[in-house]
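For the protein sequence lines, the chains are A and B, in the order given. Counting along the first sequence from 1, when you hit position 224 you're at 224 in the UniProt record's numbering, and nothing is skipped either side. Counting along the second sequence from 1, when you hit position 69 you're at 69 in the UniProt record's numbering, and nothing is skipped either side.
Keep in mind the hints are simulated off the structure, nothing from the lab. Just so you know, these numbers come straight off a predicted model, no measurement behind them. Worth double-checking, as some hints may not be accurate.
[To be verified] One side only, chain A facing chain B, incomplete, derived with CB under 8 Å:
1) GLN3
2) PRO6
3) LYS74
4) VAL96
5) CYS150
6) HIS185
7) GLU317
[To be verified] Below, simulated BS3-like cross-link-like pairs (lysine-lysine); rule was C-alpha separation at most 25 Å, straight line:
8) B:LYS332 x A:LYS163
9) B:LYS322 x B:LYS332
10) B:LYS163 x A:LYS332
11) A:LYS40 x A:LYS163
12) B:LYS193 x B:LYS40
13) B:LYS336 x B:LYS306
By construction, the Cβ of each residue, glycine as well, lies at the ideal position given by its N, Cα and C atoms.
There are 2 protein chains.
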Amino acid sequence: MLQHPPAEPGMREDEVETPALILNLDAFEANLATMARRLKGRNVALRPHAKTHKSPVIAHLQKAHGAVGQCVQKVGEAEALAWGGVSNILVTNEVVGARKLARLAALAHVATIGVCADHADQIDALDGAAAEAGARLTVYVEIDVGSGRCGVTSPQEAADLVKRIADSRSLTFGGLQAYHGGAQHLRRFEERKAAIVSAVGIVRATLDALEQGGLPCPAVTGAGTGTFDLESTSGVYTEIQAGSYCFMDADYGRNFDENGAPVSLFRQSLFVLGTVMSVTRAGSAVIDVGHKGVGVDSGLPLVWEKPDIAYAGASDEHGNLKFTPSHNGALKLGEKIRLVPGHCDPTVDRYDWYVGVRNGRVESLWPITARGAMT
Amino acid sequence: MLQHPPAEPGMREDEVETPALILNLDAFEANLATMARRLKGRNVALRPHAKTHKSPVIAHLQKAHGAVGQCVQKVGEAEALAWGGVSNILVTNEVVGARKLARLAALAHVATIGVCADHADQIDALDGAAAEAGARLTVYVEIDVGSGRCGVTSPQEAADLVKRIADSRSLTFGGLQAYHGGAQHLRRFEERKAAIVSAVGIVRATLDALEQGGLPCPAVTGAGTGTFDLESTSGVYTEIQAGSYCFMDADYGRNFDENGAPVSLFRQSLFVLGTVMSVTRAGSAVIDVGHKGVGVDSGLPLVWEKPDIAYAGASDEHGNLKFTPSHNGALKLGEKIRLVPGHCDPTVDRYDWYVGVRNGRVESLWPITARGAMT
């Protein structure tokens, strides 16, 4: 069941039912503009990752700021976007299983659909599904550039897979998928730079192998919010897949920039709004947001603009707030608190609605159409 | 958007699209029967906690095994159950906010609705909302019996709140809410026993204070899957709120019983089914279940009946499987793997459907109606 919206347009933020996912629209729009400015002149395309936002509405706003298409991780996310009018979608992931492949191929009738592969069997299955549907799929070969997760581990394996795609009936080679997930949250700029220098080296070696095989490579796609400045100026990446930049989160806030200061290019636009629901003891209070309402995989949320209050522990439906001695007066029952999620992506995936807020008022409600789209 | 079901009745389990929430129906039904047998003759009622299962279907099956009603944590969960025909619901939580209170009071026209309070202002607000709706609400006073979360912290405070309920226009005093969440996962039986002995002492002191105030207490409700044996034989608890017993999870599997053996009263009935989607390196594989698909707040999932394979790390949509040296042969692309969730409640909350399986075939699909019901 889709949950009913926790707010209505025009309502004050403090009237919103909680927990609710709040989007500061000014900050969100500023982030879209900042990314467009930052990439200008770098000769790279922006293909934001919808695993973060899961919303055709946001995809269209990103397109208005220059995005060439969207990334997703799951076929269900691709469906939600394609059915919402997004015309160019790359599944940055391997897709395994006959039913999923049939769904993916069906989508290729209404949108340009790319997908990744790191194994010959996947390519054969994709070719079969596309042929069966009478559709064409664009296939990217995923190479492991340092994360140790998916992706082939040698240039020759990549070249073999590209050759197999070229020899297929219904597939087009799209390029290399070269995302270094493990680099995004390395804290020091120098660590992130070293990781991406290494990734770029692997990409170059792979491009060399393709060239030697007479296999043109149309694109190199990858990068996230933590490192996109590096890939986008590397000379080998042609497309940037950052997702979190539109929202940001507490964990990205723990990264440092090249001057050793906390990263500050993008603004925090995403919040979970909670309500103080129990105040039975001094120095603490209970908020109605637990780990069902905010992702804790990358640490606990922060309390926004109240540095003297800590979110000290999460159970399923409750959060324990603790006050430092400097706090003047206890939190009041019913008081609203904005939390900065530790990790934006899994937090968004718990909600059905964005509550867009401007100047303290609810301006818009956007459904999170791909919420829970895991298959 | 409700996600489409990942399976159809009659399908083999290995044909189910993944990630999927699998319910072993034999084990699930055995757990319901085991709880009924265990509580027989103890003069306590069973009111299972629907924060675990979020499904009217399961609530009705529990009623058929003797449950007197259901617990929930959120008004949205109460709505999902009441609209699904559950006639007796206790919100084991404080509810704060005018819109929520109006929704709760509205439900009291179609079901018997209980709710907790630990502050006079909550009682006044509940009374106002019930009067406004022309309904009666049953209010339980929550006492802190050791968790340090919600609940009043002295018998006198409890007595004052009970008096306030008795003096209200539209509220009925239901009893004491006395749940010790912190005791459920204490590993050793002796630790759990000591915690519940302490909780029972606090309950008794509170009952004494009510008696001195001439305030009859109709019920003492609480207990979870980790400790219900203790509360149900305590002589003071009249109602048991266990939830996880119908599913179990890896974290409950780390509790030891009074003989020092891992607890084994209930069977593992809940699984997340995943598919091996990438196999590019020796000794490891990638499965399509990350922390968006399985709760990691209480530890990583276990691989079911494959002790030589470990789920070693979760990212949003991927799980890294590692093989111990004893493993014969690599996992195959497309192979299905059952995971035992670290924590059942938040895992269920990520899915729209239970896939009920018996003898390797899909028997039934049940919607998780209260998935995401957070307000």
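Cross-check of the supplied hints:
no.: 1; hint: GLN3; in the structure: 5 Å, holds
no.: 2; hint: PRO6; in the structure: 5 Å, holds
no.: 3; hint: LYS74; in the structure: 7 Å, holds
no.: 4; hint: VAL96; in the structure: 5 Å, holds
no.: 5; hint: CYS150; in the structure: 4 Å, holds
no.: 6; hint: HIS185; in the structure: 11 Å, violated
no.: 7; hint: GLU317; in the structure: 4 Å, holds
no.: 8; hint: B:LYS332 x A:LYS163; in the structure: 23 Å, holds
no.: 9; hint: B:LYS322 x B:LYS332; in the structure: 13 Å, holds
no.: 10; hint: B:LYS163 x A:LYS332; in the structure: 23 Å, holds
no.: 11; hint: A:LYS40 x A:LYS163; in the structure: 34 Å, violated
no.: 12; hint: B:LYS193 x B:LYS40; in the structure: 21 Å, holds
no.: 13; hint: B:LYS336 x B:LYS306; in the structure: 12 Å, holds
The structure is inconsistent with the numbered hints 6 and 11, although it conforms to all the rest.
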